[in-house]
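Q: Taken in sequence, the protein lines are chains U and L. Here numbering that gives the first Met the number 0 is used: position 160 in the first sequence is 159, and no number is missing along the way. Here numbering that gives the first Met the number 0 is used: position 107 in the second sequence is 106, and no number is missing along the way.
Read the hints as simulated data drawn from the structure, not as lab findings. Because the structure is a prediction, the values reported are computed rather than measured. Just so you know, even glycine gets a beta-carbon here, dropped at the ideal spot from N, CA and C. Heads up, some of the hints might be wrong.
Simulated coverage check for chain U against chain L, where a stretch passes if three residues somewhere in it have a Cβ under 8 Å from a Cβ of chain L [what the hints assert, rightly or not]:
(1) 141-154
(2) 188-196
(3) 324-337
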Amino acid sequence: MREFDLVIVGGGPAGMAAAVSAREHGLENIVILERDSELGGILNQCIHNGFGLHTFKEELTGPEYAERYAVKVREMGIPCETDTMVLDISKDRIVTILSRGRGVEEIKARSVILAMGCRERPRGALNIPGFRPQGVYTAGTAQKLVNCEGHVVGKEVVILGSGDIGLIMARRMTLEGAHVAAVAELMPYSSGLKRNIVQCLDDYDIPLLLSHTVVDIKGKEKLEGVVIAEVDSKNSPIAGTEQFYPCDTLLLSCGLIPENELSRNCGIDIDPRTNGPLVDEGLETSIDGVFACGNVLHVHDLVDYVSEEAARAGESAASFVKRGCTADDTPAIKVTALNGVRYTVPAEIHPDDLLTDVHIRFRVTGVFKDCAIVIKAGDTELLRRKSRILVPSEMLDIIIKKEKLCGITEDITAAIEEV
Amino acid sequence: MTRILTCINCPMGCELTVEVENGQAVSVSGNTCKRGEIYAQSEIAAPTRTVTTTVISAEGRPVPVKTAQPIPKDMIFECTAAIKVAEVHLPVKVGQVLIDDLLGTGSQVTATKSVDR
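Full structure from sequences and hints, please.
A: Encoded structure:
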């Protein structure tokens, strides 16, 4: 049986950054397993720019960002097995993989980093009535077809959901010669980044219909159009507001779900709020020696944050292997999300065993204006940061100095307070 | 005249309040960094955008490309059309110049991915 110090599941931005960091922290015997035929993951189809401002201090497109890490991985001589699917990870870190070259194989991992990314919520999960005609795609599927396969997806387009991929695809389809009639968003605010609303919708006069949703899909073999209606404060369609939009294409941008089938089968505890593993400050899951980072852990809006997080996972895995693959048995304190905070990553911290300062990442539950992010240990305030506006579409990243956490025994809370 | 813009330089998306006189921004507030002020001034006077799209190579593979510099916003469609008809042969290296001066904008068009086949 082949043995590795570290097996990384997924060769997207998280997997590549984790590999680079683990090697920098002294792990030699690493392998990246990637089910696609090349490294880069979702970045390969994200041909728009806006990546890398934090990591490289310049604005790159997705493929450029991916290639920089892929070159690092290659220069460091880190082995990558592409066209390789991971089928199972056991509690004692035996990883079952499948590839054309080797068939089904079991490999032994001293540590594992989960970097499988996320998947789009499909039509089947959205409860829209109607037949299943040709012409309904998730936005990311259409993005792959247009940008990586060179296909023309449609000419008259409606987009449901104002997630970033939907906004990006509104512009992309427009540049490819399609007409985008509208982007409908169920919520009273967009779930996409502001810059994308400006650059992808406003620039092209594409209307964003907030508090609207698709209530019917017309057409049996081919899509003929959709019915859009306004919704009330309980997200129920308001009778009489229905409007028919003829179209040949409906793109769905209705949320991303971390892809944790492997994690669940392994017995890893999953946070129902993020659909990702519960982790400590070193990004270690409930199974010793198994770490998680990137979109499989919680959905990010910036790849720069994915790379940074993955680098910490790589460092933690290296540290775990170097101390002989033994569990961290120092006491842990919990991190709890209170008023206005939907979740926190990590969910627990080992204050006596900190390698570095601690990042607490979270999203807020709604739009908050003139407020403060308050992090406390018991009643002691560790950090207070004022903000003019906080929105659910932007992940927040708070760094607590390790000196501030040393010796703390009371649980930590994160909350949003009005100022 | 007062115009409200959303800064697009970074994901902060600062809301900028811009006082405009004779087509020029005379004062900018709401920005948290210098880039916000620069953005507001150029967005009022001469808005520009980086265009990203794909070119289908002679071998039939899509090659992702970008304008190396931002181009005038009102030229997005004609620039995209000009990029689409560029002749590209594989292999292509990331950063390779595919068009030297796009429609007189002074911007190059470069490949954003190395594509071998």
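Q: Work down the list of hints and note, for each, if the structure agrees.
A: Outcome of the hint check:
Only when three residues or more bring their CB closer than 8 Å to a CB of chain L does the claim for the segment 141-154 of chain U stand; here the count is 5, and the claim holds. For the segment 188-196 of chain U, the stated coverage by chain L holds: 4 residues have a C-beta nearer than 8 Å to a C-beta of that chain, and at least 3 were required. With 0 residues bearing a CB less than 8 Å from a CB of chain L, the segment 324-337 of chain U misses the requirement of three and the coverage assertion fails.
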